[in-house]
Every structure is written in structure tokens, then in C-alpha cells.
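J.: Here are the chains, one letter per residue:
Protein chains: 2
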Amino acid sequence: VTVGIVGLGLIGGSIGLSLRHARHTVLGFDTLAAHGQTAINRGCADSLASVEEVAQADVVFVSVPPLSVGPMLEALLPVKRPETVVTDCASVKSEVLKWVSEHAPGERRFVGGHPMAGHEKSGPAFASAWMFRNARWILTPAKNTDKDAIKLVEGLVKEMGATPVRIDPQVHDRHVAILSHLPHALAAILVEMGAELERADLVGGSWRDLTRVGGVDPELWSQIAIGNKVELSKVLQQAEGRLRELRVALEQEDDKAVRSFFDSARAAKGKHET
Amino acid sequence: VTVGIVGLGLIGGSIGLSLRHARHTVLGFDTLAAHGQTAINRGCADSLASVEEVAQADVVFVSVPPLSVGPMLEALLPVKRPETVVTDCASVKSEVLKWVSEHAPGERRFVGGHPMAGHEKSGPAFASAWMFRNARWILTPAKNTDKDAIKLVEGLVKEMGATPVRIDPQVHDRHVAILSHLPHALAAILVEMGAELERADLVGGSWRDLTRVGGVDPELWSQIAIGNKVELSKVLQQAEGRLRELRVALEQEDDKAVRSFFDSARAAKGKHET
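In order, the protein sequence lines correspond to chains P and A. Take the first sequence: its letters are residues 67 to 340, numbered as in our numbering. Take the second sequence: its letters are residues 67 to 340, numbered as in our numbering.
Accuracy of the hints is not assured; some may be wrong.
Listing some non-contacts, in silico: residues in chain P with all C-beta distances to chain A over 10 Å [stated by the list, open to error]:
| hint | residue |
| --- | --- |
| 1 | 171 |
| 2 | 192 |
| 3 | 254 |
Distance windows between CB atoms, simulated [claimed, not checked]:
| hint | chain 1 | residue 1 | chain 2 | residue 2 | range |
| --- | --- | --- | --- | --- | --- |
| 4 | P | 187 | A | 323 | 24 to 32 Å |
| 5 | A | 303 | P | 321 | 18 to 26 Å |
| 6 | A | 307 | P | 89 | 49 to 57 Å |
| 7 | A | 88 | P | 134 | 35 to 43 Å |
A short list of chain A residues far from chain P (calculated; beta carbon distances all over 12 Å) [unchecked claim]:
| hint | residue |
| --- | --- |
| 8 | 68 |
| 9 | 169 |
| 10 | 189 |
Hint data in this document are derived by calculation from the structure and do not stem from the laboratory. None of the values given here were measured: they were computed from a predicted structure. Don't be surprised by glycine CBs; every beta carbon is placed ideally from N, CA and C.
Input sequences plus hints: build the corresponding full structure.
T.: Set out below in C-alpha cells:
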């Protein structure tokens, strides 16, 4: 099939590489000329095209920062062929689905999506054809979405080596708040606190693991956090509460409560692994 | 030299394996018969011995849980040869140094130590001769510690592939509060929050990295947290504050403050890497 990609960053570039490996034709668009050029040089797209041209493809992946998804859909939906399927890659789904139901209520060929993969570096220079191997790729179709549109996206997702998973947008947003956005916020806090220390060389393996994603693209991640503010705020408050409980237990020399803090985590970890 | 090891767990077992690889003779002791047997089977020690016998070695590594270091030193110091050098491996140093200065004020051959290495699994079954390669090994000698005692420990540390680093015990404790104990607490919180989710399969790379150490041995880690309660409480409060700032910024739709949260982390990460 012919695939359009709007936004040739880390994710869009990786989609292009993966689908070209699978012998599809890929048309790419990016507002940044430098991204477009890097994407072509790295083989992420067969050629660059305008939004109007990209909108004629069989399937268009919109892989732009969260706050740009609405404006991009606004430009794309009116000029696409009626049968063109459009899917996005934003890591927050409720707002995108709300936007589509409000601005394009009759649209039956939009499938909300979120590939659960990424990297601490951004841009097409870091794109990889292996980015989505063994990853989950969330899809959040609406009730009125055409079944064949969903199937088409699912097929391409599988060709990229990922597993498509259909899920409700709100459930998705609560999950990523805990599984992705909170970890990124905690990593950011750690990195910042560590920068105060005079001996930053004294780090061990746990520090390296917990801070890998501590310096991610501020523009992208502030958009992600803002996009998911309802769920993320709840989750941040819950984490604050647990930190406070541990601190108060230590200050009050309540050794049983300290032990119980680590016991709960051990039990939870066991649950994960079975 | 002849090396004694008191406590044949993950760390003690790894010290034994590394130093036997370097052709030293290793005598081991553990209060748990099963640990002793596993250690012998895995080659962590040449033979098992009583505390009194181990105390006759040239250097004794005390690698027991933090709260057991004091009692173990109390048993060991009176029965050792005057020239025997004793070092510990506890990840909190102020309390150990305080204990020695109070209980054995004339002792010039005790060298506080902390190998900055570990693993999320505990016990001698997971011991490795490579555990300390490229790791820092903190040493916190007191003013009256014999220079040749420090040199002897430093020599063995280097033979294990680690880099000895001399540092003040309070500075050490503040560093590990941020670089190790806080990351473990955050990982514990994440693991616990993740266990509530119905779709625990929807995890990505950042979750895996940030929760690797989320289910560590509760007995050991509650002792570590309690042992470092002064520094850890401060650090927990600071992390709570930053989480609250991000939450309030999201709740008040203060997009600039959200952006600034991620900007600070990016700048701090850059500082780390240069």
C-alpha cells in the first residue's frame, strides 16, 4: 500500500523505515526541511511531498507532537481521499478522540493510535526499522470507525513487528500516566537532584537505569504532560503521598512502616512477573 | 594474602569469587548454613570457618546487612589479631564510623567501605566475580586509621576491578541518598502503582528501566533506609516538593512551569554527560 507520514521525527522516521523494509511506498512530510532531508538520507521515505499529496495515500500516519495533532488533522482531513485511513501516534488519546468527534463527527476512517516505543533521543537521525519490534501498539477506534480501516492499520502495525492492542482512550491515558509519564517525571527529578552533587561520578547501575529518560526533549514531554494532565495529576499526587509516607516513617523511626513500604513493592513486583 | 569474609551473601560471595580469581585464600563465615554451602559450591570461599578463625586473616570484609554491622564488629574486633585489617561494606557510613569511634576508639585498622555495585537479586547464588568491575568502591578511613591498612584494602579493591575512592562519611551518605536510596524508593513506588493496573502488559522501555530495582530485598532495603534516615528524609522531601510543583503547574494550566520542569532536567542531564 501507499503510506503517508506527516512528521518525520523519531517515530515517523521509524515508521517509514519499517514500512519501506516491508516494501511499501512511503511519502513523507515535515514542516522542518532538515528533518525531511535527514529522513530521505536515512531511507525513512521514498520521497517528500506536500500535506495534500501525502493525504492521497492509502494510510496516513500523523506523528507530530501532541499539541500539533489537532491542527494537523484540521489541515489533513478536508483534503484527503474519502477512503484514506488516518491514524495518529500521540501518547495521549482522550483529547485526540474528543477533537475528532467535535471537528469531524462523520469521520469513520480515523483510528487513534499510540506505539508504545521510543528512545531518549529525538529526531529522524535516531529512527530505526527495529523501533517497534515486540512493542505494543495501542489503537483506540471509536464506535463508528470502519472495521476495514482498523484492520488496515492493524496489518501495518504487525508488519512493523508490533502487537496491536485495542483499548478505551481513557483506560489508555490512565495506563500511560503510570507506566510512562510518571516514570519520565521521576527520572527528570532524579537527574536534577543529582546535578547538585559534587561527585557525580559515584553512580551505580540503579542510577543509570532510573535516569536514562531523565533528559528527554522538554518541548515534546511538556506537551505530553499537559495533554494528559487529568490522569497525570492524580498519579503525581499518589506518588507524593507514598514518598511522604516513607519519609514520615523514617522521621518517626517507625521501622515497621519502613519495612512495609518495601514489602508492598516486593509483593507488587512478584505480581508483575507472574 | 589471606582474606576473611563475614557474610556470604551477594556482596560477600562476589568478593570471595573475585579475590579467589586473584589467587588469594578466602575463609568464609555466614550465620546461615545454606548461604555457606552455596558459597562453597560456587567457589566463593576456599573453606568455611568460625568468626574467631576468620578474624585471624590479614584482611576481613564484613558484608552483612547494615543493622548487623555493629553487632558483628563487636564480636570480631576483640578476637582478631592486632594487625588484622577490618573493612565493612554497608551502604551507609556515618553510623558505622560512629559505632567504631565509640566502641573501639583505639582501633587503627578499621577502614569503612562501600562497594557501589549490586544486583536486584540477593544471596550467594547471584554472586559474580565481575560484580565490582568498573565500579567505585568508597573508603571512609578515619583520621587515626593506619595508612598501610588503607593501602592493603585499596590494593584488594583494585584486584577486584574496582576503583577505590576516599571520601568523608557524611558526604558519602548524602550522595548515596540521592544516587541510590531515592532511586530505589521511587522504583518501589512505581512498581506498587503499576500493580493496580489491569493491563500490566502495556509497558515500554522506560517502565522496565525504572522498575528493575523496584522489588529488592525488603529486609535489606528497610535497614539501608533506616540507617540513612537523616539524609534520605531530606532527599525524599525535596522529591515530594518537585512532584508537587509539577502537579500544581498541570492543575493550574501553567504551561510555562511545566516546560521549565522538563527544561531543568534536560540542562541537568547535559551537565552530567559532559
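J.: Look at each hint and say if it fits the structure.
T.: Consistency of the hints with the structure:
{"no.": "1", "hint": "171", "in the structure": "27 Å, holds"}
{"no.": "2", "hint": "192", "in the structure": "13 Å, holds"}
{"no.": "3", "hint": "254", "in the structure": "3 Å, violated"}
{"no.": "4", "hint": "187(P) with 323(A): 24 to 32 Å", "in the structure": "25 Å, holds"}
{"no.": "5", "hint": "303(A) with 321(P): 18 to 26 Å", "in the structure": "19 Å, holds"}
{"no.": "6", "hint": "307(A) with 89(P): 49 to 57 Å", "in the structure": "53 Å, holds"}
{"no.": "7", "hint": "88(A) with 134(P): 35 to 43 Å", "in the structure": "58 Å, violated"}
{"no.": "8", "hint": "68", "in the structure": "29 Å, holds"}
{"no.": "9", "hint": "169", "in the structure": "21 Å, holds"}
{"no.": "10", "hint": "189", "in the structure": "14 Å, holds"}
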